[in-house]
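S.K.: Below, each chain spelled out in residue letters.
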Amino acid sequence: MNTIPVIINDKKLDVDPGKTILEVCRENDIEMLTMCHLKGVMDIGACRLCLVEVEGANKLMSACTTRVNANMIVRTATDKIKRYQRITTELFFAERNHVCSVCVANGKCELQQLGYKVELDHIRYPHLFPQCEVDTSHPWYVMDHNRCIMCTRCVRVCTEVEGAHNWDVMNRGHQVRIISDFNTPWGESITCTSCGKCLHACPTGAIWPKAIVQGQLEKKPEMLSELMEKRKMKL
Amino acid sequence: MNRHDLKTIIYAEKTKEENNKYRHKICVCCGASCISSGSEEVMKKLQEEIKTRGLENEVEVVPTGCMGPCNQGPLMKFLPEYNIYQKIDCSNISAIVQSQLTEKKPIEDLLLFADSREKPFLDAQEDPFFKKQMKIALRNCGHINPERIEDYLVHNGYQALDKVLFEMSPEEVIAEIKQSRLRGRGGAGYPTGFKWETVYKYVSDQKYVICNGDEGDPGAFMDRSVLEGNPHRVLEGMAIAGYAVGASKGYAYIRGEYPLAIKRFELAIKQARKMGLLGNNILGTSFSFDIEVRIGAGAFVCGEETALIASIEGKRGTPRPRPPFPAESGLWGKPTLINNVESFAAISPIINNGGEWYSEIGTPKSAGTKVFALAGKIKYSGLIEVPMGTTLREIVFDIGGGMQNDADFKAAQTGGPSGGCIPAEHLDVKMDYESLVSLGSIMGSGGLIIMDKSSDMVDVARYFMEFCMDESCGKCVPCRVGTRMMHDLLQKICDNKGTQIDLNRLEELAVYVKETSLCGLGGSAPNPLLSTLRHFRQEYENRIVKHD
Amino acid sequence: MKSGTAVHTKELSKTDPRVKLIAAKMKKENYKPDALIEILHTAQNAYGYLPKEVLAYITKALHLPPSRVYSTVTFYHFFSLKSKGEHTCLVCTGTACYVKGAQAILNEIEKKLGLKAGQVSADDKLGVQVARCIGACGLAPAVVLDDEVQAKVSPDEIIKKINIKIGTV
Numbered sequence: 019m020n021t022i023p024v025i026i027n028d029k030k031l032d033v034d035p036g037k038t039i040l041e042v043c044r045e046n047d048i049e050m051l052t053m054c055h056l057k058g059v060m061d062i063g064a065c066r067l068c069l070v071e072v073e074g075a076n077k078l079m080s081a082c083t084t085r086v087n088a089n090m091i092v093r094t095a096t097d098k099i100k101r102y103q104r105i106t107t108e109l110f111f112a113e114r115n116h117v118c119s120v121c122v123a124n125g126k127c128e129l130q131q132l133g134y135k136v137e138l139d140h141i142r143y144p145h146l147f148p149q150c151e152v153d154t155s156h157p158w159y160v161m162d163h164n165r166c167i168m169c170t171r172c173v174r175v176c177t178e179v180e181g182a183h184n185w186d187v188m189n190r191g192h193q194v195r196i197i198s199d200f201n202t203p204w205g206e207s208i209t210c211t212s213c214g215k216c217l218h219a220c221p222t223g224a225i226w227p228k229a230i231v232q233g234q235l236e237k238k239p240e241m242l243s244e245l246m247e248k249r250k251m252k253l
Numbered sequence: 188m189n190r191h192d193l194k195t196i197i198y199a200e201k202t203k204e205e206n207n208k209y210r211h212k213i214c215v216c217c218g219a220s221c222i223s224s225g226s227e228e229v230m231k232k233l234q235e236e237i238k239t240r241g242l243e244n245e246v247e248v249v250p251t252g253c254m255g256p257c258n259q260g261p262l263m264k265f266l267p268e269y270n271i272y273q274k275i276d277c278s279n280i281s282a283i284v285q286s287q288l289t290e291k292k293p294i295e296d297l298l299l300f301a302d303s304r305e306k307p308f309l310d311a312q313e314d315p316f317f318k319k320q321m322k323i324a325l326r327n328c329g330h331i332n333p334e335r336i337e338d339y340l341v342h343n344g345y346q347a348l349d350k351v352l353f354e355m356s357p358e359e360v361i362a363e364i365k366q367s368r369l370r371g372r373g374g375a376g377y378p379t380g381f382k383w384e385t386v387y388k389y390v391s392d393q394k395y396v397i398c399n400g401d402e403g404d405p406g407a408f409m410d411r412s413v414l415e416g417n418p419h420r421v422l423e424g425m426a427i428a429g430y431a432v433g434a435s436k437g438y439a440y441i442r443g444e445y446p447l448a449i450k451r452f453e454l455a456i457k458q459a460r461k462m463g464l465l466g467n468n469i470l471g472t473s474f475s476f477d478i479e480v481r482i483g484a485g486a487f488v489c490g491e492e493t494a495l496i497a498s499i500e501g502k503r504g505t506p507r508p509r510p511p512f513p514a515e516s517g518l519w520g521k522p523t524l525i526n527n528v529e530s531f532a533a534i535s536p537i538i539n540n541g542g543e544w545y546s547e548i549g550t551p552k553s554a555g556t557k558v559f560a561l562a563g564k565i566k567y568s569g570l571i572e573v574p575m576g577t578t579l580r581e582i583v584f585d586i587g588g589g590m591q592n593d594a595d596f597k598a599a600q601t602g603g604p605s606g607g608c609i610p611a612e613h614l615d616v617k618m619d620y621e622s623l624v625s626l627g628s629i630m631g632s633g634g635l636i637i638m639d640k641s642s643d644m645v646d647v648a649r650y651f652m653e654f655c656m657d658e659s660c661g662k663c664v665p666c667r668v669g670t671r672m673m674h675d676l677l678q679k680i681c682d683n684k685g686t687q688i689d690l691n692r693l694e695e696l697a698v699y700v701k702e703t704s705l706c707g708l709g710g711s712a713p714n715p716l717l718s719t720l721r722h723f724r725q726e727y728e729n730r731i732v733k734h735d
Numbered sequence: 032m033k034s035g036t037a038v039h040t041k042e043l044s045k046t047d048p049r050v051k052l053i054a055a056k057m058k059k060e061n062y063k064p065d066a067l068i069e070i071l072h073t074a075q076n077a078y079g080y081l082p083k084e085v086l087a088y089i090t091k092a093l094h095l096p097p098s099r100v101y102s103t104v105t106f107y108h109f110f111s112l113k114s115k116g117e118h119t120c121l122v123c124t125g126t127a128c129y130v131k132g133a134q135a136i137l138n139e140i141e142k143k144l145g146l147k148a149g150q151v152s153a154d155d156k157l158g159v160q161v162a163r164c165i166g167a168c169g170l171a172p173a174v175v176l177d178d179e180v181q182a183k184v185s186p187d188e189i190i191k192k193i194n195i196k197i198g199t200v
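Chains as they are written, first to last, in the numbering used here: chain A, 19 to 253; chain B, 188 to 735; chain C, 32 to 200.
One chain only, chain A, in its complex shape (with noise of 0.2 Å):
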């Protein structure tokens, strides 16, 4: 296959055309902060963590959703980026309310491990505080929107790759939430088929299984993937 030159923080790469900037990240060992994206469903480039540089361009560019072109030269951990990276850390967390010390995620929760990259010591932001309801209406599941940070991941991955579409978000701007069906408890979901895909989706403690206790919780995201790939071979 034909490759393409690009530049990537001053080094040269051939790369296939039609790769994302993000994939092509991943694949040359560039590190890449993200949290909406999840290998296998549609990247929707909300988080804003995968932002580059790019030159030419008058904004930054989301690497998730960004193609490569020929000769485009692309920066990925300018100073810049790297304060906008803390700055949006802060907001995950002064969003809702993050306690990793009682979450059945800590040790293993992506929001947790992005806070360590960007060396985060405090939050400068005052924290909101909003008071989100715990859904254990589910026989074996809990949905926890404490703890969601509204990437999405287990919406998408419920309808693209499930198909059942149980899970959609209500409102907007800071009032959105996570919720199934018609707002309704997800034990009385009409639509979901209990398959547990949103729960390795799911980025932090906000959906998990309710035998588990504190730090117990084990997620496999790559499940997805894998299980997309083996569709495809099956085809």
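Computed from the model, here is a short list of chain B residues facing chain C with C-beta under 10 Å:
no. : residue
1   : R442
2   : G483
3   : S498
4   : A560
5   : L570
6   : G661
If you're looking for bench data, these hints aren't it; they were derived computationally from the structure.
For clarity, every value in this text was computed on a predicted model and none was experimentally measured.
Note that beta-carbon positions come from the ideal geometry of N, C-alpha and C, so glycine has one too.
Starting from the structure of chain A, add chains B and C where the hints point.
M.R.: Chains B and C alone, transformed into the frame defined by chain A:
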């Protein structure tokens, strides 16, 4: 209907008008503003009055679109004298008709601006409010009955469509638009001709043309007035665009808050279909084009093109990252041209008079005219159209008649929640895309709110931030959480509880949200804050709690 | 709050003229999912709000996932999940109205009638709402009382007019 039939109809209408030429034409403004002030009743009373006097054959009474000075409504205009009466009270109608038609002289005390000017102008065209204006997009607004296609036809309506279909290739149409240097009137100012060319170049079995009439900026009502006052003009512009880019289907996305605009536009579509100006084989050519109206359901973000497309597809109006741009992959993944109402309204004059004519109006970088919705603490608010490059001072003091109660001018807010405030020291700024951006504001869709000393600029910034916070779609983090944080910090400063640290954080967040947001809403949400910080920093400083 | 209402709660009466209206609209739009917003407009106009059973009916007819419909309904201002009241008082808070005292009107309504924006009186007689801009900036401050625009109103005037509407004078 073919071309010949159209010419016959126009000819018949024109001769009809010339043959039983009425001696007088009375236009009653039936724009949404004047209707709210009671112009429908005025219309009824006036018709009765004409009937009792037995003048039906001499006087034609026409309900028209917006005439401009909206806060003086209901308005009534006598032609050919061009006497405009303001704030019509039904009890005065008889006296006005008596004086105008029988005694042949106007009642000066009731004329437009009679209560605020030393002496009103008999011929309203001489009044500075109208004299400084140049009407292209609004040309027939206030002169013709928007609910009759024949009125539009008599005033050169659909001549441009006829011209492009029979005399021009799509490439020539695009070249003409490019030559006119028309820029998108929705706010961003992207050159319209280039946009058309991009869509034209993509090969696809189906393309779409969308008219963006989701005018969400608070304080803006230009698109509404154009749609209400001359819907056929917009329709014609869309059809020409369809021919140029190779689209056969158009959507007009109109705000649900504008029921009259929706009604009139739908009526216009029906009339045009009946005349063969829409539908299959327009005017007997191989070109087919049809338009459907989609009603907005109340979301400011749907003015953003990718969100608008999602909304037409029946989904949540959330924007998606660009590229791909709608020109490549828009409605249902097909190449789509999206232009604002006012941009479409400028198309047919450009085709009729040539791109060069249009490009000579205005400034070198911003050609043509711009419609502004003038409101706030100003004497004469309403709808105006001026050449690009007219100074803010001319708009406020000549056209707008100066400040209400002769207060001191403090600031003008342009571009709504995406724009900024222009302080008094920049009153001589030329109103064009670049000059406004250099002052930290934007042209936006054309809302122009004038403020006096009673306006608190920190509160104004808080007001717009609250708007953006509520209207954020909630998809991306900077806009969803960032606008909330900025709003809370601004509220804190408004409550006199903010500190210097809060102000620093606010500034840092503003730049962050501006640069990292997914779409234009978030990207411009900090503008009112940043521009008030730039021009009125002292007001923020005064509010801050000082620690010794 | 989650109230435990399953999707299939109440069956709609097929003879209800409002249901007929929605059914006709859906048929006209060919049951296309992309006409969802158009259909919701019809339902909202017929009922004044969108009752859950109506949403369930539309969801079923268009073969859409319930959460997809609910997410769309809650996104747009126009659609309301609860009754807006028999009479509505819509206060415009667009920029022009705001600088000319829309807040004073809202304050007065709250003081005299005890209703904040978005609230409906206990007897369902009056609902108070705010609009971002009704585009009648020349008439600021403007209030829409049951589809009728009240131009350049003072707080006192509007209270009087509301009282006449709801018949408490």
